[in-house]
Structure formats: C-alpha cells, structure tokens
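Hey, can you work out the whole structure from these sequences and the hints?
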Amino acid sequence: MALDALLWCIGALLATSVAAIPAARHRAGTPVVYGAALCLCVAALGIAVTSLLAGGSLQGALTLPIGLPWLGAHFRLDALAAFFLAVVNLGGATASLFGMGYGRHEETPGRVLPFFPAFLAGMNLVVLADDAFTFLLTWEFMSLSSWALVMAHHRRTGNAAAGYLYLVMASFGTLALLLAFGLLAGPAGGYAFEAIRSAPPAAGVAAVVLALALIGAGSKAGLVPLHVWLPLAHPAAPSHVSALMSGVMTKVAVYGFVRIVFDLLGAPTWWAGALVALLGSVTAVMGVLHALMEHDLKRLLAYHTVENIGIIFIGLGLALAFEANEMRAAAALALTAALFHVFNHSVFKSLLFFGAGAVLTATGERDMEQLGGLIHRMPLTAFAFLVGSAAISALPPFNGFVSEWLTFQAILASPALPQWLLKFLVPAIGALLALSAALAAACFVKAFGVTFLGRPRSEAARNAAETDRWSLATMFVLAALCLIAGILPGYFIDALAPVTQALAGAHLPRQGELDWLTIVPVAQSRSSYNGLLLFLIIALAAGLGAEAIHRWASGALRRSAPWDCGFPDSSPATQYTAGSFSQPIRRVFGAVVFRAREEVRMPPPGDLRAAQMHVQLRDVLWDTFYVPIAGIVSYVADRLNKVQFLSIRVYLTLVFGALVALLMVLAVWQ
Amino acid sequence: MDRLALDVAHLFAGGLVLVSFMLLYQDRMTGLVNTFALHALVVSLSVAWQAHIQHAPHLYITAAIALVVKAIVIPFALHRIIVRLGIHRTIETVVGIGQTMLAGIGLVALSIMVMLPIAAKAGTLAQQDLAFALSVLLLGLLMMISRRNAVSQVIGFMSIENGLILAATGAKGMPLVVEISVAFSILIALIVIGVFLFRIRERFDTVDIHALHEYRGEQP
Amino acid sequence: MTEPGSFFVGAVLIIPAVSAALLVVLPDDRAAARLNALAAFLTFVAASVLFVERPSPGRYLIVDDLNVVFIVLSTFIGFTTSVFSASYIAHELETGRLTPRYLRFYHAMYQTLMFGMNLALLSNNVGLMWVAIELATLTTVLMVGIYRTPAALEAAWKYFLLGSVGIALALFGTILVYLAAHSIVGEGLDAMAWNVLVQRSPEFDPALLNLAFLFLLLGYGTKVGLVPLHAWLPDAHAEGPTPISAVLSGLLLNVALFAVLRFKSVMSANPGAFAPGPLMVSLGLISVIFASFMLYRRQDIKRMFGYSSIEHMGIITFAFGVGGPLANFAGLLHMTLHSLTKSAIFFCVGHIAQVKGTQHMPDIRGLTVSHPVLGWGLAFGVVAIAGLPPMGIFMTEFLIVTTTFARHPVLAVVFGLSLLVAFGALLLRLNGLAFGEPHGSLAPVKASLVPMFAHFALVFAAGIWLPPALVAWFQNVASLLK
Amino acid sequence: MLLVLALAPLFTGYVRKVKAHLLRREGPPLVQPYRELLRLLRKDVVLAHSASWVFRVAPYLIFAATWVAASLIPTFATGLVFSYAADVIAIVALLASARFMLALAGLDVGTSFGGIGSSREMLIASLAEPAMLMVVFTLSLLAGSTQLSSIAASMQEPDVGLRFSLALALIALVMVAIAENARVPVDNPATHLELTMVHEAMILEYSGRHLALIETAAFLKLLLYVSIIASVFFPWGIAVSGQGLMAYVAGVGMYVVKLAAGGFLLAVFETAIAKMRVFRVPDFLGAALMLGFLATLLLFVTLAG
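Residue numbers (the numbering used here), protein chains in the order written: chain R, 1 to 670; chain C, 671 to 890; chain G, 891 to 1372; chain H, 1373 to 1677.
Keep in mind that the hints are not guaranteed to be accurate.
In silico contact screen, one side only, chain G against chain C (beta carbon under 8 Å); selected entries [claimed, not checked]: (1) 1069; (2) 1101; (3) 1304.
Beyond 10 Å from chain R on every Cβ pair, some chain C residues (computed) [said to hold, decoys possible]: (4) 674; (5) 722; (6) 769.
Not close to chain C: a few residues of chain G, all C-beta gaps over 12 Å, as computed [unchecked claim]: (7) 921; (8) 985; (9) 990; (10) 1092.
Simulated from the structure, these hints should not be mistaken for lab results.
Source: prediction; values computed, not measured.
Glycine included, C-beta positions come from ideal geometry on N, C-alpha and C.
Next up, the structure:
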C-alpha cells in the first residue's frame, strides 16, 4: 500500500506537469507548480523514509496493465528502492522549495514548469521499476525531460550544443543498458526482474553485462571517460534543475548500476570489483583536477559531481571485491560507505548549486573571475555555501567526512583480500582517493575564497543583494542536514542496514545505541569516530579560547587599509584570481592531464601595453575519444552523401547490380 | 499437347532473345526503333501461338494489344520524337557494343543457370519460356543502363515488358494476363507521354538524362 | 456478396472510386476538398466496421488479421491527410503554386490513390494486388510531378522509371509464384489466392519459390525504398506536395512492405525454400546504416524525413528478417506507429514550410519561439520517430534490439549504433530548427493541427497501452510469419 | 589537553634555541614564545577594511581544531580520555579543516600575499595529505587499527620488531611533518620575503590576539607531529591507561625526553640544508608519497612472508 501511495504521488506529479503547460502563462503559475511538486515530494519522501526505517515490513510489488502488453509494468518497493527514493525526493523537495523563489527570475517559465515535475516523476519511476522495459522507458523518459530542461535557455550560446551532446550520450547509455537487458532477458524475453533474478546468467555473459551496465549507468552518472556531457549540460539548466541533475539524477544512475550489478547479476567476480574501483578512483582524480582548472562556478560544481561519483564507485567496487570473496561484513562496510556518500553528496551538492544559483540571480555572473567580496553583500548565502564547501571537502564535523572516513575504513579492510592484484591496487586507490579529497579542499578554498571573499571584481558583484527567503530557507535546511548527518551518522548508517543486508547479505553493527553516538564500523579497538563529541569539543575549545581572550586579553579592534607594500589603493584586479590560485597545481598536474600550455606575451621595451598571459588547456580524453568518432561519422556522411547526386541511369545500374548479384547467389546456392 | 506446338513456342521465345540481342547491337536510333517493332511483333506472334495451343481466346486480346500498341503506335510515336529531338543519328552508349553483347551473353547464361533446378517439376514449356523470358528481361535492363538517352531507355523498358508478357502467357492458364498487359500498356503510354512532356514543355532541350540530372533538389 | 461484412468491403473500394470520378468533374476547389475529406471519412468508417464484421474470404478479396489493421490504418491516415490537405491546398492556391485545374486533378488522383491502396490491401489475389499497387504508384508519380518545377519533374521521372522497373520485377516474381502454384493447386484463380497459397505452400517447388521471392523482394522492395533501390524516395518526398509525402511515407511504403510480408508468409510456410530471413536482415541493415549517415548532410527538411522513412523501412525489414514472435510483433507495430508518426511529422513540416516559405533547413530556426505549436510539434515528432519514450516506437525498438542481441549480438550492436547515428543527425537538425534565435517570417500559421495531434496522441498512447485486440491480431500474424 | 597547550610554545622555543646554538648565536631564551604570545594578546587587532567575519572567526576555529587534534594523541599514555572520539584519519582531517580555514582567511582580505600563501599552502597540502594517509595506512594495516592508542599499543608488542616498511613510513612522515609545519626546506618560518613565504604570507594581515592564536596553533601543530612520531615509532614508556599515577609520571618524563630528542634532530636538519624553490616542493612531497606507498606495498610482502 506504500507503493500505491507512491505511485499516486508520481501520477499527481505527471498531472502537475500537464497542468503546468497552461499554468506557465500566468504569473501565479510558478509558485503553484513548485508548491504542488514540493508537497508531493515531501509526501513521497515520508513514505520512502518510513518504509526504509520499517525495514522489510513496508515493501510491496504490483503490476499495472500498461507498457508491454503481455508483460505489464512491474513496480516494486524494496529497501534499496526506498533509500534511493528518499534521496530523490529529498532533492526534489528542496529543489521545488528553492524554485519557489528562484523560479520568479525565470524569463521563460513555459520551458521549465511543465518539465520539472515530469523530471521528478521520471526519476521516481526509474527507482520503482521492476522490469527491464519499464526501467528503460522511465530511464529514457528521465533523460528526455531533463534534456528539455537543459534546453530551457536554448538561446544562450553553447546550451544547444550541450543539450545535443547530453541527449546523444544519454541514448548511448540507454543503448548499452538495452543490450545488457537483452542479454539478461534472453531471446524468450523474460523482461521481469523476477525472471532475471531467478535465472542468473553464465560467467561470460555476466562479464559482458557488467561492462555494458558500467557503460550505460556510467555514462549517465558521469564516469570517466563518459563524463564529457556532464559539465556542459548540468550548468546549462536553471540552477535548481542543475542541483537535481547533479545531486539526484546521477544517483539514479548509481541506483541503476547497483540494481543491475548487485541485485540482478548474481555473484560478482573479484576483477569486476577491481575494475569498478579503479575507474572510480580515476574518475575522482580527473574530476577534481578539471574542477580546479574551471572558473565557471556551476561548471566547477558539475566537475565535482564527477569526482564524487568516482568516490561512490570506489565504494561500490570495493563492495564487489569483498562480496566476491565472501567477506560479507567488509562488503557491507564498503556498500554503506558508498550509499551514505550517495546521500551526502546529494545533500551538499544541491546546497552548493543552490548557492551558485543565488549568486547567479544576484549578479548574473557564473564566471568567478568577475565575482568576489560577496560575503559582505550576501552573508547568509555565503555562510550556507561555506558549510557546503566544508562538507564536500570532507572536513569534520560535516557529513562528507564521515562517508569518506567509512570508505577509508573499507580500504583498510583490503589486506584480507586473497587476490594479489587487489592487495596492491586498493592502497593505490586509497592514495588517489586521499589525493582527490585534498585537491577538493584546495578547489573549494578557491571556489569560496574567490567568489565570496576578497574584494568585488566587477560592478555586478559590487551591487549584489542577498537572495530571497525561499532560497535561503532551502539552503539552510540543507546546511543543517550536512551538519546533522555529520555529527549523528549512526542513525543514517542504521537506516542503511536493510539495504546492505539485502544486497551484501550483511550489515554493520547497530550504531544507534553506542555511548556518545560513536560510530564503530568494525570494532572499538579497530576504529571509531564520534562526530558529535568532536563537534562539541571543538566548539568548546573555540568558545573557551574566545571567552578567555576577550576576558583577559585586549578586545580592541581597529580598522585600517591592508598592508600594501607601499603601493596604496591597489585595484581589486591585483587580487589573486581563480586562475592564479590554481596555477601551482596546474604547473604540477597540468602538463600531464591537460597538456597545459602557458605563454607570457611581453610587450617590447617601451611599449606600454600590459603583458598578457595565455593558458591553453586541452581535455585529453575529449581529444582521444570523441573527436575521432565525430570525424569518422562526418567522413562517412560526406562519402555516402555523393550517392544523393547520381544520374537515374546509375541508380538503375544499382538495381540491376543488386538483381544480378542476388541471382548469382541463388545460382551458386542451389 | 503435341511436340510441334512446343517447338514453335520455343522458337518464338528463342527468337525474342535473339531480337533482344539485335536491340543491344543497334547504334542508330531509327534502327533501334525498328528493331523494337520487330521485337513487339515476335511477342505478339508468340502470344497468339500460346492462345492457340492453350485454347485461351482472351490471350488473343493480349496479342492484339501487343501488336497494335507496341509494334505500330509506339514506334511511330518514337520516330516523331526522334526526329524532333534530332537524335536519330546516334545513341550514346556507355560502354562499347562489344562488351555489352558479352555481358548479355553472360546474363543469358545466368538466367539459364538459375532456371535449371526448376526443370524437373514445372514442365519443359515453363522452364524454357521462363529461361528465355528472364534473359529478355535482363537484356532489357542491361540496355536501359548501357544507353544514355531516354528514348533508348524507354525501348529497353518495353523489351523488359515483352519478356514479362512472354512469361505470363507461357504460364499455363494464368488469370488476369489481359488486365496486366493492359495495365502495362498504360504504363508504357505514360512513359512515352512523359518523354513528350519533357519535349513539349520546353523544359529540357534534350532527353539526355544528364540534363535531368542538373535539376536537383539540393546541391552538395 | 450477401453478408454485411462484404458489403463494407465493397464500400471501402467503391467510395474512393466513385468520389474520384466525382472530383474530376467538380469545379469548385473548396467543395472538392470537403468532398475529398468526406469520402475519406466514409471510407474510414466503412473500414473500421471490418474490425467487427469480417466477411469470409472471396475469390478476389479477403479480410484477415494481417490486413484488417492496415486497412483501417490506411483509411484513417487517408482521412486525416485529406483534412490536412484541405488547409494545405488552400494555402497553395493563395500562393498560386497550384491552379484550380491542377487542383481538380489532384483531388481525383488522391482518391484514386486511396482506391489503389485499399484494393492492394484487400485483394486476395497476387495479380490483382500487383495491378493495384501499380495503379497507386502511377497516381503518386503524377502527383509528385504536379508542381511542374524542373526538380519536381525530375523527381517524378526518376520515381517513374525506378518504380516501373520494380513493378516489372515484381510481376515476374508473381508469375513465378503462379507457376509454382498452378502445378499443385491447378490452373485458375485459386493458384493466385492468398489463403490457398499459404495453405498449399508446403507442396510447392522450393526452387521456384526462391526465385520468385527474390524478384518480389527486389520488385516491391523498390517501392519500399530499401537501399540500394531507394533512389527515388527522398526526391519524391521532397518535391511533391506535402500531403502526398505524408501518404507516401505513411501508406504506400507500408502497402509495398505488406506485399512482401504476404509473400514471406508463403515462403516461410514452405520447408524446402530458403529462409528469407538473412536476405531481409541484410537489406534492412544496409538501409538503416545508409539512411542514418545520409541524414547528416541534408539541407531540405522534407528530403531528410524521406531518408528517415528509408531508415525505418529498413528497421521493419530487419525486424521481420530476424523473425520470431517478438521481432515480428515489433515489426508490425513499428509499421503502424511509423506511418502514424511520419505522416504527422509531414503535416507539421508542411505547415512549417508554408509559414517560412522554404524547405531549406538552414533558413528555419527557433520555431519553438516563433511558432510554439509547430516547433514543439516537430520536436515531439522527431523525439517519437527517434524512438524515445514514452512514445510507442521506443517499445518496438526495445523489442527488436533485445531479441536480436540475444541471438545475433553483432547484428544488434551494429543496428543499435546506426540507430544512434540516425538519432544524432535528427537531433542535430531539431536543435537548429526548433531552438535558437528565431529566423525567417514570424507570420502566425493558419493550419488545421487536429490531424497532427490526433496522430501524436495515438503514438503516445501506443507507447503506454496497447488495446488487447490489436495485440492479439499482431501476435497471431507474428506466429504466422514465423 | 592542557599539557600539550603548555608544552607547545616551549618546544618551539627550544627548537629555536638549539638552532641558534648551532649557528653559534646566543638565541632567545626558552620562554621567548610565551612572551611573544602575551605581548600579542595585549595588543589590539588591526583589521583590514575588506575583512569579513570569516577573517575574525578563523583564528579561533584554527586554534580549536589544532588543539583538539593535538590532544587526541597518546602523548604519554594510551587510552586517554576521548581518544576514541577520533582516529588518526580524523586527526588528519582536523588539521585539514584548520588549514582550510587558514587558507580562506588568507584570501579574505583580498591582497595578493594572502592569495600566494593560500594557493601554495593548498598545493603543499594536496600532496602532503595523501602521503600522510599512506603512512597511516602502513601503520594501521600493521596494527589492524586506525586508533592511535591501539597503534601505539601494538607498536609496543615485541613481535612487531624492526621493519623496513616502518622505516620508510617514518621517513615519509618526517617529510610530511616538515612540509606541514612550514619548516625549512619547504618554507621558512623566519622569513618575510614575499617570494619564498607560504605560511607567513597567509597570516600577513593578522595581528594582536588573532595572530597569537594562529601562532599557538602553529606551535601545537609542530608539537603534534613530533609527538605522533614519538608515540608511534618510539612508543617506549607510554603508560597504558589505568596503570596508576607513577606510570603516568614516567610516561610524561619519557615523553619530554623524546620531544627534546626530536626537536634537536629537527633543528640540526633545518640548519643543515637550505630552503628549496616552491616548485621543487611537489617533488619533495611526491617522494614522500611514493615512500609511503612503497611502505604499504612492502608491508604486504612482509606480511605475506
């Protein structure tokens, strides 16, 4: 019955999107549509959370007489689905709430409102689908509706291209999944997940399916090298949609991967785990490096999505490896880490995108080089963004740290693995993970520092104003969530227990009852972390320090100009820019990853023009994978195009040739 | 039926193939048209003979149509067109007559090869007629693609159609043959009219297909 | 012909014939357009009665599971197209591209075409079907050339020659089939009747059948537009009046494919004959690949969708070639959905071309801004034809790819990738047409959008829910086709 | 907790003293750092116009985070109070967050110095952290735990013995420590030359009590690293919780001795070599990372053997 309620919510969402078409014309349409979406998402969220907390009890399955006639549309609600539903609807609810305020600045609501609820419905349906056809149908529907949202601002240069790349890549992924399901279902067409579960494929087939699932889900989640569309498409959409796409849709892709690989595919093989984890770590590092080079705030965030997806896939890969070796507890640990990071990332990435959206509405700028000093104009946004940055940089006491800490714990369980490759690979992955975490911190020092701190670099930044109440409310709700999940992780981990139980056959020891709410994944002596205590002590220490100092030491304060080395009133242009901030890291990594070229153009002596510095970055992956493909297609197209311009006689010759050839075949064949 | 009847039928069929080769051999428009009239004549004779031996009076109609339309009217019309277009001198072939003939022989061989396995069951008449009809058909196609101007293509097409009539009448007791032949005559008539149209409308100063080729919906 | 069903069968044929005769003499173009639509509507009603009242097969005519769906489909699309053409033609008169004289001719031809196609679908006789298809071809040839521009004449001429050659090949095949049959069934009409042929096919001479099928596939394949026999198709779509393009893509191709299917069922009933599958698969695959790449360099919007029709005919042929209950079902469904979608796209494109005054795609931009209904309609159509959900074509392509991949992985991968290529091309064009800064005339469009939306609604619904009766028919036929 | 707080400045003073002696100078007295801190505390703060609340809050957070991190280390006894609140990964993360705030503070005022400092600091950190974590891996794989207490405890076990991988880890840790504490050759705590400074550049704008806090944090950090090294690699004499007072006192004594030794070595090292270019630092730390990684791998070999 929980499932029925959910489906009703989804149906209502679809109805909303239909109703939004006429509603978009009226001024009042925007809050109404977003309000409806908000309510529905909250309702669905409630159902999902209750069924998750209730463990196995609140599950259900039903079949609607739609879709494939002889199959019908199967829907099923289990622990995994419930968890991802919670993630989806939390993101949906916050995005709708943010939209209440943000949507008012939308110049063409007619292009956003109808597709927004449809997008939400699509994501919900994917998670609920229980047969291959319904799954792919809703999956592609999700891509389609999000594509429409990406195309909302189609006049801005580059957005159309982004949408194009996005939809083509999405269809490519869908094709891969299509083939995967074709293998799983077999020629008889047993598309229902039940049938697939009951007949797990042979080892060889399973390997192919895994590869296809990796391509299919990876291309949607943004796994390197299939990530290229992501940093283009996510920022192109309106900010709350970007938040949904980055924070939630990528998670739905992760869900698809988990569903296929952990649920449908049967027992995994260890090399599969190695492969997935390795891809994950490469993705993480590549993503964060790209992010460091990026000066467009939203695109930077999108690249960080790539990084975090990498971290999640590291967890999944480890889980696979452990599961292949029957190390259930360790598998549960890794899986918990991955899923918990799924939740955390959806929270703080939405928060950050909302912050970016607020900045965008306040200044109309996405380019960090034009921003700066916003903390004075929009302090609340700045605060929320700071929390988000700390969380995504995996700094205690926020939630990002907890999931990464769990991932590290999982990595530390690796020496028990029998395979030597894994023994050596996993620590390397750990190193890459640590590297990406550190780089992420650097990147967000840049993002926050350049955007909000320092002095404004443009008129727009100088006259920015704090954003509206709805947006602020949204951001603070999420910031609070970041902190709560960071200091009370035990409850969240317990909530994940049924999921890991279902998938990995084990779950972490219950954390909720431990004293002082410490989390102890394996054993007290082995490792433990207590966010709450840490948070309290830090707060205490800081408080005491401040108190003591203000009590006994001087509390006086003088304002004056900063130290200027004797060059008074230097212009804001002399500040460190995003480019200059990332310059050292570019020097270190750039040569390899980006083929970075720097050249300084000095004017000749006596010439008064300023010296210029040109930095040229190339995306190696783009050059190696995508450019050739495009080249081949256009080459073939050009070649074949000549056939359009032949004379009738030649066309007749074609017919004649075909006839004669076939006759010959026949003659030979008989 | 007696042996003689079969032989005569066979004779006509073979004669048709022969005439098709003559068509391929022509390099003058006038000669081509005349040869085609002969082609049609042979067909009508063969059809009439089939009508006789099958005791199928309706086939006489087909024969008559073949005779009147294709042996008399159309050649006459084509002669006028040729004169108007002033192309009665030569016809531009794509490849030399020699190669064309060789290819034709190859096609005949192919058609016989294809027909061989059928021999046993379907009765000798059908087999031979089919083999010849198929060869006529292929030769007609060969002619269509080895000649550049529309008139000779039309003629090639009509020779194809003669081959089909031959096959149809050869198939014993096949219904609707008359209707089909009528339908085909309409087709032919339309083609000829089409050629006329291009001429009369002053759209193209020649019916050479290269000229048509210039008018293209889109250029590369 | 006493039973009610046969009366309606007669109606389906007689109404178009009579109205064609009427339209020849009817001078007033308004009235002509109305009469045209009315006749088409009546035909549709009569046809849809056949769903329930099905007469026993006669010597010349037959109604069975396979053709009943296509008769209703073609009469329906014939009706909607006639409605669309009413508004389209009115505009053509204003701009003076067509004179009333030609218009009378046009309407008469339209009904003749309907007659020909219905006859081809209903006929229980290979020869009769051949005649009908030829009739339909001739009428379309005349209508393609109706604008009498050099390009139009050239397209018509090309269509004519290639079509005639195809027809000739098909006839030869038909004769061969008769020859194969008459030694078993005995001479006369029975040897050409579908139901008899399918029943007795196992006893036929396989060698003869093979040869026959080869000619029939090439002959009717020319009409279907399979590569390399396709050359006439894009130009014919591009140069003719848009209603005719719609009917061509929506119906005539289907009818030709329908003929191929009939013969395939005869073939597959005979154990000795070679399986037609590989031949159809290869032809279909070639068509799909070729058309997908050809889509990229298109400048003319109608020609582009012509190529897309080639692609989809290839898909359908591929599906039937793969065979098996799922793939055959998918093929039949795809035939239905493609004709609905593609004709709707052509309705949309027709209005767009009229509003913008050009078919040259680079000159058409930002439609969703300048003409939202047309722009989004086009977007919907392209999305549907590209096989994105929740439209029905997604279902068929899903079935085709999955079933193929389970059996012939390589084929499925190639097939899927070429679908992706085609999708890339269509989407690229859509981006240019529907989005970006609007360009060209912003005049409001006066168009009858009902037909377009009716089709889209059907396609959309088919993706979500299929009526069980339809499914039953298709499954029955699918099992018949092997 | 208070112990480390009390000891930290003394330790720094001690290191300075030793360095001075090595340079044949008299050097400031040991208590000089305390004096400086008191002086700074008494001065009032000069704040730039463009400074925001981040700039003012940062010092307290930095101080608190570092202090907590330092107090989590089993300096002289295992199983100290709260030691289970965070393991060594958390300690690394705490230091990271302190650095995060510091770098932000550096960017806050909007002068180019702060920028230079922050960007270089983050570069160094982004390499130092993985290296540190690799060392942590080595240790915790060996000890089967990431709790410093249990690590230290397990290091006292006789069967651990002397391992090559441990040596590598030690070297790596030392390099990281040098980098993290902005010592020569990575950075020079005494310089104020724009081109060379990293840490100093970030805190250039700070004054008064803020500066005092940050300085204290720096002292603490130095102490922290030295005591990690001491407690983990030379765990002799660390009291086990619940051994009674005497053991604690012995532990404290032992600890002080270890600190003295560590400080002396540090001073010698610093005087021995020269500051390197900023862009040599990545190589330096890369080497540390490699060493750490090598240590982990070798550990497997030895574990297997």
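For each hint, the structure was consulted:
1. 1069: holds (5 Å)
2. 1101: holds (6 Å)
3. 1304: Violated. Min distance 27 Å.
4. 674: Nearest chain R Cβ is 32 Å from residue 674 of chain C, so the label holds.
5. 722: holds (32 Å)
6. 769: holds (14 Å)
7. 921: Non-interface label on residue 921 of chain G holds, nearest chain C Cβ at 29 Å vs cutoff 12 Å.
8. 985: holds (19 Å)
9. 990: Per Cβ check, residue 990 of chain G is outside 12 Å of chain C; nearest 20 Å; holds.
10. 1092: holds (14 Å)
When each numbered hint is compared with the structure, a violation occurs for hint 3 only.
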